[in-house]
Amino acid sequence: MTRHIINHLLSLILTMLGVTILVFLFIHLIPGDPAIVMLGEHAAVENVERIREQLGLNKSLILNLDAMGQVFRGEISIGEGFKGFFDSQYFGFLGRLLQGDLGRSVHEHTPIADLLKLKFPATVELSLMAMVFAIAVGMPAGIISATRRNSVFDNVSMIGALMGVSMPIFWLGLMLIYFFGVKLGLMPTYGRFPVYLSLETVTGLYILDSIITGNLEALGLALKHLAMPSVALGTIPMATIARMTRSSVLEVLQQDYIRTAYAKGLRERVVIIRHALKNAFLPIITVIGLQVGGLLAGAIMTETIFSWPGVGKWVYDAILARDYPVVQVAVLIITLVVAIVNLAVDISYVYLNPRIRYE
Amino acid sequence: MAETTARKVELPVDFAVREHRSLWGDAWRRLISLNTARLGMVIVGVLLLVSILAPIVHDYNPKIDSNLEERLKPPSREHVLGTDNLGRDVLVRLIHGARYSLVVGVISVSIGLIIGGTLGMLAGFIGGATDRIIMRCMDVILAFPAMLLAIAIVAVRGPGLNNTMVAVGVVFIPIFARLARSMVLSVKESEYITAAICAGATGRRILWRHVLPNILSPIIVQTTLGLASAILWAAGLGFLGLGQQPPKPEWGAMLSDSYKFLAKGAWWVIVSPGVAIMLAVFGLNLMGDGLRDALDPKLQV
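Chains as they are written, first to last, in the working numbering: chain D, 1 to 359; chain V, 1 to 301.
It should be emphasised that the hints constitute simulated quantities derived from the structure, not laboratory data.
Hints are supplied without guarantee of correctness; some may be wrong.
[Claimed, not checked] Pairs of lysine to any residue residues, derived as SDA-like cross-links and limited to a Cα-Cα distance of at most 25 angstroms, are as follows:
| no. | chain 1 | residue 1 | chain 2 | residue 2 |
| --- | --- | --- | --- | --- |
| 1 | V | Lys260 | D | Leu94 |
| 2 | D | Lys117 | D | Ala136 |
| 3 | D | Lys59 | D | Leu12 |
| 4 | V | Lys264 | D | Pro194 |
| 5 | V | Lys73 | D | Gly185 |
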């Protein structure tokens, strides 16, 4: 068990190392001098120099092979050579990351870590809400579909789910904005909170903050702003969860112990909840875990449409502004979060399903 | 009395008359017996027809298409789906845009299928260090959420249709590699592979003649479902302004072109491109689900 977790952790670290290499190489894959690519062709010379300095562009890319040559020629000691070997742009980048130095935004001249602290909670709140919506609608729909197989409800909700998977979420977002925002005028169409008001923040999650400070009016406003983006973002996960729940419950319902439970004279509700759902849960949990990646990537579109000040909109704006250090950090953070959630799902397997034993 | 009974037993099962059915023939029969799969095939068929016929029947040049007197007109008899902000007929543009979705889907899935499928088959077949290195690289690519990776690649290579295809193709590489590898691993231990090895078949022959045909059906299913995702992602990139550039009538780009006019109440410029994308993806998803049921009867619940 412990060994299983350690194995998974090691493989996570290895994968993340690979990810940092790709993310690091990212700006070098763009044709041209990275400093000029970022600042534009008419940039002032001292600015270009500053960026070159910041990125350490005069060092070698991943490994400094010169140092090895110097050791062989006896010019420096093995210890110095070893240090020199890793004196490269990549290891500089990795070292700074590990020390928590995420660099500076080229355009906003602020430390990226400060920006991240501002943007990250917004995305967390949106994703959590989207997930709550997806699970609250998707799971019951899947369960009812499975128990009333081939009924009208089953057919309608499964066709609906397939349409949900097939829908571009940015389009769904636009339709919501048009219908509830423009036409009915019921919902705010952009942002997290009215711009003319300010909210006392503790955690950065507005819903939690307004509950902590006991500000009910703010809670209502925050929820109102959150509603449409989270429905738009949650639709694909909802549809996927509904489909998975249905097929998983259907499979369990055909087992012998379900027939036995019915034969004992248990009521249907008890059989479904106590016997079927418990055993159908594992694949459902997996699917829920796997949705997180899609959710965070989908946040780029959703946040752009709804002007939601989160990581997704930040990445998009940074790409358009060629603010590549920001793109690097944001991509890295999103990928890391997804990897950690997947790891958590993997580990929860063992607790949820005692039948799985890792040697 | 005895004679009639004997006849009755013989009649219902007539082995001599039952025609020969191949594996693919059988799968096809199951596929067209599914209502949903039939619907999917009709939608995909219409999409195919439209995208092939549109340029032949009607020559459309997006660069000179504009009629400012007819700006943002709601659906009418003349313009069935209305006109956009430059007075262009939305239906005409939709029809001519079908091609882009299809081309992006086919080419990007092919990139993923050819590169990823080959890598996965090699990894599974050779095993050992080759397997570990290939799959470790695939894991790294897979660690990025799909859409994020596609956006990052387009950000590096610059916007455009070609780069959209490359970006979406790269996203598919690890997906097909994993699938091909796991299928090869499960097929590799079968007796007919051992028999082929005993008969002295070369590695390449075994891979092409014995392994490939047996891993084909999940790959066909994944290809169909992949086409659906590819169209969705390409439309997303187009919407973000990173895919096909206006004035070309790619569906995602059409949406990003005209969503600013929603506030003026011009719903028709938004509804139809979105419905077109959804229908195309929906059709392919239906077909993919149908193929999965048809090709693998064991999976049928």
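TODO: Tell me, in ascending order, the numbers of any earlier hints that this structure violates.
DONE: 1, 2, 3
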